[in-house]
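Enquirer: So the sequences go chain by chain: A and B. Plus 181 on top of the position in the first sequence (first one is 1) and you've got my numbering. Plus 181 on top of the position in the second sequence (first one is 1) and you've got my numbering.
Just so you know, the hints here were simulated from the structure itself, not pulled from any lab data. Careful, some of the hints might be misleading.
Claimed, not checked - Derived DSSO-like pairs: lysine-lysine, alpha-carbon spacing no greater than 30 Å straight-line: (1) B:Lys204 <-> B:Lys242; (2) B:Lys538 <-> A:Lys231; (3) B:Lys395 <-> A:Lys242; (4) B:Lys260 <-> B:Lys242; (5) B:Lys260 <-> A:Lys384; (6) B:Lys443 <-> A:Lys399; (7) B:Lys270 <-> A:Lys409; (8) B:Lys399 <-> B:Lys204; (9) A:Lys231 <-> B:Lys409; (10) A:Lys409 <-> B:Lys242; (11) A:Lys466 <-> B:Lys541; (12) A:Lys260 <-> A:Lys231; (13) B:Lys409 <-> A:Lys409; (14) A:Lys373 <-> B:Lys300; (15) B:Lys600 <-> A:Lys242; (16) A:Lys466 <-> B:Lys409; (17) A:Lys384 <-> B:Lys345; (18) A:Lys443 <-> B:Lys399; (19) B:Lys300 <-> A:Lys345; (20) A:Lys399 <-> A:Lys443; (21) B:Lys541 <-> A:Lys231; (22) A:Lys537 <-> B:Lys443; (23) A:Lys260 <-> A:Lys466; (24) A:Lys443 <-> B:Lys300; (25) A:Lys538 <-> B:Lys270; (26) A:Lys201 <-> A:Lys260; (27) A:Lys379 <-> B:Lys379; (28) B:Lys242 <-> B:Lys300; (29) B:Lys373 <-> A:Lys382; (30) B:Lys345 <-> A:Lys373; (31) A:Lys409 <-> B:Lys399; (32) B:Lys538 <-> B:Lys399; (33) A:Lys270 <-> A:Lys204; (34) A:Lys384 <-> A:Lys395.
Listed here are the chains, written in short residue letters.
There are 2 protein chains.
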Amino acid sequence: MQFELTREFLNLLIETIDNKDDKAASQIMEDIHAVDIADIYNELNIEQAKYLFLLIEDGEKAADVLAELDDDDRTRFLKVLPDDIIASKFIDHMDSDDAADVIADLPDERREEVLQKIKDIDQAGDIVDLLSYDEDTAGGLMGKEIITVNINEEVEDAIAEIRKQVEEVDEIYYVYVVNDDYILQGALSLAKLLLATKNTKIKDIIQSDVISVKADMKAEDVANLSDKYDLVALPVIDNIGRLLGRITFDDLVDVMREEAEKDIQMMSGLTQEVEHSDKVWQMTKARLPWLFIGLIGGIFGALVIGVYEDDLVKNASMAFFIPLIAAMGGNVGVQSSSIVVQGLASGSPGFESTFKKVLKELFVSIINAIVLSVAIFLYNYFFSSSFALTVTVSISLFIVIILASVFGAFVPLALNRYKIDPALATGPFITTANDIIGLFIYLAIGAVMFAIL
Amino acid sequence: MQFELTREFLNLLIETIDNKDDKAASQIMEDIHAVDIADIYNELNIEQAKYLFLLIEDGEKAADVLAELDDDDRTRFLKVLPDDIIASKFIDHMDSDDAADVIADLPDERREEVLQKIKDIDQAGDIVDLLSYDEDTAGGLMGKEIITVNINEEVEDAIAEIRKQVEEVDEIYYVYVVNDDYILQGALSLAKLLLATKNTKIKDIIQSDVISVKADMKAEDVANLSDKYDLVALPVIDNIGRLLGRITFDDLVDVMREEAEKDIQMMSGLTQEVEHSDKVWQMTKARLPWLFIGLIGGIFGALVIGVYEDDLVKNASMAFFIPLIAAMGGNVGVQSSSIVVQGLASGSPGFESTFKKVLKELFVSIINAIVLSVAIFLYNYFFSSSFALTVTVSISLFIVIILASVFGAFVPLALNRYKIDPALATGPFITTANDIIGLFIYLAIGAVMFAIL
Numbered sequence: 182m183q184f185e186l187t188r189e190f191l192n193l194l195i196e197t198i199d200n201k202d203d204k205a206a207s208q209i210m211e212d213i214h215a216v217d218i219a220d221i222y223n224e225l226n227i228e229q230a231k232y233l234f235l236l237i238e239d240g241e242k243a244a245d246v247l248a249e250l251d252d253d254d255r256t257r258f259l260k261v262l263p264d265d266i267i268a269s270k271f272i273d274h275m276d277s278d279d280a281a282d283v284i285a286d287l288p289d290e291r292r293e294e295v296l297q298k299i300k301d302i303d304q305a306g307d308i309v310d311l312l313s314y315d316e317d318t319a320g321g322l323m324g325k326e327i328i329t330v331n332i333n334e335e336v337e338d339a340i341a342e343i344r345k346q347v348e349e350v351d352e353i354y355y356v357y358v359v360n361d362d363y364i365l366q367g368a369l370s371l372a373k374l375l376l377a378t379k380n381t382k383i384k385d386i387i388q389s390d391v392i393s394v395k396a397d398m399k400a401e402d403v404a405n406l407s408d409k410y411d412l413v414a415l416p417v418i419d420n421i422g423r424l425l426g427r428i429t430f431d432d433l434v435d436v437m438r439e440e441a442e443k444d445i446q447m448m449s450g451l452t453q454e455v456e457h458s459d460k461v462w463q464m465t466k467a468r469l470p471w472l473f474i475g476l477i478g479g480i481f482g483a484l485v486i487g488v489y490e491d492d493l494v495k496n497a498s499m500a501f502f503i504p505l506i507a508a509m510g511g512n513v514g515v516q517s518s519s520i521v522v523q524g525l526a527s528g529s530p531g532f533e534s535t536f537k538k539v540l541k542e543l544f545v546s547i548i549n550a551i552v553l554s555v556a557i558f559l560y561n562y563f564f565s566s567s568f569a570l571t572v573t574v575s576i577s578l579f580i581v582i583i584l585a586s587v588f589g590a591f592v593p594l595a596l597n598r599y600k601i602d603p604a605l606a607t608g609p610f611i612t613t614a615n616d617i618i619g620l621f622i623y624l625a626i627g628a629v630m631f632a633i634l
Numbered sequence: 182m183q184f185e186l187t188r189e190f191l192n193l194l195i196e197t198i199d200n201k202d203d204k205a206a207s208q209i210m211e212d213i214h215a216v217d218i219a220d221i222y223n224e225l226n227i228e229q230a231k232y233l234f235l236l237i238e239d240g241e242k243a244a245d246v247l248a249e250l251d252d253d254d255r256t257r258f259l260k261v262l263p264d265d266i267i268a269s270k271f272i273d274h275m276d277s278d279d280a281a282d283v284i285a286d287l288p289d290e291r292r293e294e295v296l297q298k299i300k301d302i303d304q305a306g307d308i309v310d311l312l313s314y315d316e317d318t319a320g321g322l323m324g325k326e327i328i329t330v331n332i333n334e335e336v337e338d339a340i341a342e343i344r345k346q347v348e349e350v351d352e353i354y355y356v357y358v359v360n361d362d363y364i365l366q367g368a369l370s371l372a373k374l375l376l377a378t379k380n381t382k383i384k385d386i387i388q389s390d391v392i393s394v395k396a397d398m399k400a401e402d403v404a405n406l407s408d409k410y411d412l413v414a415l416p417v418i419d420n421i422g423r424l425l426g427r428i429t430f431d432d433l434v435d436v437m438r439e440e441a442e443k444d445i446q447m448m449s450g451l452t453q454e455v456e457h458s459d460k461v462w463q464m465t466k467a468r469l470p471w472l473f474i475g476l477i478g479g480i481f482g483a484l485v486i487g488v489y490e491d492d493l494v495k496n497a498s499m500a501f502f503i504p505l506i507a508a509m510g511g512n513v514g515v516q517s518s519s520i521v522v523q524g525l526a527s528g529s530p531g532f533e534s535t536f537k538k539v540l541k542e543l544f545v546s547i548i549n550a551i552v553l554s555v556a557i558f559l560y561n562y563f564f565s566s567s568f569a570l571t572v573t574v575s576i577s578l579f580i581v582i583i584l585a586s587v588f589g590a591f592v593p594l595a596l597n598r599y600k601i602d603p604a605l606a607t608g609p610f611i612t613t614a615n616d617i618i619g620l621f622i623y624l625a626i627g628a629v630m631f632a633i634l
């Protein structure tokens, strides 16, 4: 049943395009889901994609394909399509939120052109309304396709009302109930309406404790809210409670996925979203900045070691455990910062004070530090010729593990307090900082130990 | 509108519990959403939580609270509740999928006891059916609450049919259409039914290209599918196409979130899920294994450096850049493995062969390597007294960056080919391996350079 994009299929399709076999190509497009067509476009050049696009007869489907394309692909695509095609063939068939996204992707000078060519004046109005919201807010995510009934109606009138509105809306999920001032009063499921008798009053079957969000709520918070309460759609209201639109789960799932990807990206030391299909230059640009910071950290490390050059000349074996100390500081720091960042991201209330959290981190790290220091002590005791080195490595490892984990827990908490994204502290930053601190401790202790033992 | 769990509220609640003020406590429970009650339970001891739980009068709500609790909390909770309360007060009011999860959480000897005390025999049967599926498959996620109509019916009969079934189902989303053998034929939205005239045949308004999944499909694949096609609910079928149940978006969002958390956890070097609220011992257990691997890596590093001890005695400044080389190898490796892992996880088709992917990684790394090697060359040229060291650091950094990124890209691809989770390669594993390789290259080149320059 499900379509799978194979190399054979792709070769066949490209052959069909090259032959300009309109009939065969449009038949193929008809059989495939819009989402899969968007996937296929990734593998075609812009001319091939445009050719196929204009062959899609079903306007609804063509609009879906445009909505499903990656931002980059869509921008590239819109560039080669004339204004009137964009307006009449696609925008007119799109949900208002997707349509607003498309218009927002156009260069300023084309926006007005395209808006004026939209035939459905209500749709154009909705788009202009939606463009006024920041894209990272509830307003930026919502669509205007909602079904509303008045709270003073009876079921029979409400159903008639719904029949009139239903053509505009792909998926209903909820019918929203408003009063005469269009202030949200609650929601109703279609199932409830089906079960009720004709003359039941809407106000008697309304679910009034519906969770709604204000238009300026941050997209990430909206996503957390819908995830927490398992909401399939959320009504959006203005500051005095008037119903503006609704956000559906699929857009919120996208927000959640993007947030998760952003966290992983920061942890990996990437400054922007990178996909394996990106160009070499894009990938380089995302990667160099953090590598430079790592390089500067390495130079600091070199300076720290430089301070102890004389000690190293005397006891070259001190150098053996430099990588171990640096790596362990990094590993421990990443672990504890990552646990803290995940805790912050989940938005769990967390009554524990910062002090208590760092204290718990301290306990965990003391246990880890004891186990690992003893392990390396035993190794060095049996296999290393220098007792001074054995003691140095164990003591400094102990201290480094504790400092690195407390530091790893503290930095994201501090960033969060100052409204900076705590995930910044999970990546190369924490490893680099811990490297330098660890080196300093190791070499300082070594200098003392080799002097006294 | 939205409930916020404050310390003041919690103190008040605990006071109410301590005073055994049943009326006040049950009023508080009535005003709060089940999800929030589950949150509150995290902050109470088991006796306090049990007291509140038994005061919830609305069976549906009590069941929701039980379903919303963390696995750990729920297990703890079920332990203190008698069998008949679990069966009559909770299971009877739960959706079949949540109920099956609860039963699965019980120790073997209690399962049968509780199952036998369930009054609704259909529910008990559904649960027994669901318990036979692996929890990481579509079958393990699905619920039995579905609304079905026969393809040969007309709209009027279908609506009557739906009215009979609707009590059992919280959210309808779709009405599924089956034939006489209960084989899935397609789906219908309630909106379509509302719009159709009484005598329309179901087969004329059915949406027949509905996406369904087999019961043994992996949960992760189901989640990717629903995300890709923005599906709010997915019907589950057996091998001959008979309808078994449906999976709703909220359960799939949970699967997605868990997958993302697992990836981050692996990247952070944690062997199991850790929350900041976990006990010290749980946190230690999750962290020690990877730290041990890091320790062993560090010992190998020490052995590698040991081989070059004589060179270090002669040129102690060689030690200065050991941390830089190790850190850069680690950072570059994490970047490239993470990009590859994300690409694999997104399930994008990706026609590029493994060879081509690694080749692209090679280009990116050559650019990075040139930029960073030149930068460190300039630094050392002006600030370091040893030209041999200057040349050693730049050449080895160049090689390490390229090797680390090719290695970082290749390992997850290789793991994936052998059906091992590629995310294993994103964490301490890749940094540790790159540390050792980097050290070896740096010291070997250094030995040569100090000999010839």
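Enquirer: A separate judgement is required for each hint: does it hold in the structure or not?
Expert: For each hint, the structure was consulted:
Between Lys204 of chain B and Lys242 of chain B the alpha-carbon distance is near 17 Å, which keeps this suggested pair within the 30 Å criterion. Restraint check for Lys538 of chain B and Lys231 of chain A: satisfied, since their Cα atoms lie roughly 27 Å apart, inside the 30 Å limit. Between the alpha carbons of Lys395 of chain B and Lys242 of chain A the distance comes to roughly 27 Å, so the proposed pair stays at or under 30 Å and holds. Between Lys260 of chain B and Lys242 of chain B, the direct Cα distance comes to roughly 20 Å. Compliance with the 30 Å bound is thereby established for this hinted pair.
Among the hinted pairs, Lys260 of chain B with Lys384 of chain A is inconsistent with the structure: their alpha-carbon atoms are about 42 Å apart, more than 30 Å. Proposed proximity of Lys443 of chain B and Lys399 of chain A is supported: the alpha carbons are some 26 Å apart, at most 30 Å. Taking the CA atoms of Lys270 of chain B and Lys409 of chain A, the gap is about 24 Å. The hint holds against a cut of 30 Å. With a C-alpha separation of about 47 Å, the suggested pair Lys399 of chain B and Lys204 of chain B falls outside the 30 Å cut-off, and the hint is violated.
Of the supplied pair hints, the one linking Lys231 of chain A and Lys409 of chain B holds, its CA atoms being roughly 23 Å apart against a limit of 30 Å. Note on Lys409 of chain A and Lys242 of chain B: the hinted pairing holds, with a Cα-Cα distance of about 16 Å set against a maximum of 30 Å. Restraint check: the Cα-Cα separation between Lys466 of chain A and Lys541 of chain B comes to about 14 Å, which is no more than 30 Å; the hinted pair holds. A distance of roughly 11 Å separates the Cα atoms of Lys260 of chain A and Lys231 of chain A; the hinted pair therefore holds under the 30 Å criterion.
With a C-alpha separation of about 22 Å, the suggested pairing of Lys409 of chain B with Lys409 of chain A holds against the 30 Å cut-off. Only pairs whose Cα atoms come within 30 Å are accepted, and Lys373 of chain A paired with Lys300 of chain B is accepted, the gap being roughly 26 Å. Taking the CA atoms of Lys600 of chain B and Lys242 of chain A, the gap is near 36 Å; set against the 30 Å cutoff, the hint is violated. The suggested pairing of Lys466 of chain A with Lys409 of chain B holds, with an alpha-carbon distance near 29 Å, which does not exceed 30 Å.
Proximity of Lys384 of chain A to Lys345 of chain B is assessed by CA-CA distance (about 24 Å); at most 30 Å being required, the pair is judged to hold. A threshold of 30 Å between alpha carbons decides the hint, and for Lys443 of chain A with Lys399 of chain B the separation of about 26 Å falls inside it, so the pair holds. Among the hinted pairs, Lys300 of chain B with Lys345 of chain A is inconsistent with the structure: their alpha-carbon atoms are about 44 Å apart, more than 30 Å. For the proposed pair Lys399 of chain A and Lys443 of chain A, the alpha carbon gap of about 16 Å is at most 30 Å, so the pair holds.
Of the supplied pair hints, the one linking Lys541 of chain B and Lys231 of chain A holds, its CA atoms being roughly 27 Å apart against a limit of 30 Å. This hinted pair checks out: Lys537 of chain A and Lys443 of chain B have alpha carbons roughly 26 Å apart, not beyond 30 Å. Of the supplied pair hints, the one linking Lys260 of chain A and Lys466 of chain A holds, its CA atoms being roughly 25 Å apart against a limit of 30 Å. Distance hint between Lys443 of chain A and Lys300 of chain B is unfulfilled; the C-alpha atoms sit about 48 Å from each other, more than 30 Å.
For the proposed pair Lys538 of chain A and Lys270 of chain B, the alpha carbon gap of about 37 Å is over 30 Å, so the pair is violated. Between the alpha carbons of Lys201 of chain A and Lys260 of chain A the distance comes to roughly 22 Å, so the proposed pair stays at or under 30 Å and holds. In summary, the hint linking Lys379 of chain A to Lys379 of chain B is supported, as the alpha carbons are separated by about 16 Å, within the 30 Å threshold. The suggested pairing of Lys242 of chain B with Lys300 of chain B holds, with an alpha-carbon distance near 18 Å, which does not exceed 30 Å.
At roughly 23 Å between alpha-carbon atoms, Lys373 of chain B and Lys382 of chain A fall within 30 Å of each other, so this suggested pair holds. At roughly 12 Å between alpha-carbon atoms, Lys345 of chain B and Lys373 of chain A fall within 30 Å of each other, so this suggested pair holds. For the suggested pair Lys409 of chain A and Lys399 of chain B, the alpha carbons sit about 24 Å apart, so the restraint of at most 30 Å is met. Among the hinted pairs, Lys538 of chain B with Lys399 of chain B is consistent with the structure: their alpha-carbon atoms are about 27 Å apart, no more than 30 Å.
Among the hinted pairs, Lys270 of chain A with Lys204 of chain A is consistent with the structure: their alpha-carbon atoms are about 19 Å apart, no more than 30 Å. Note on Lys384 of chain A and Lys395 of chain A: the hinted pairing holds, with a Cα-Cα distance of about 23 Å set against a maximum of 30 Å.
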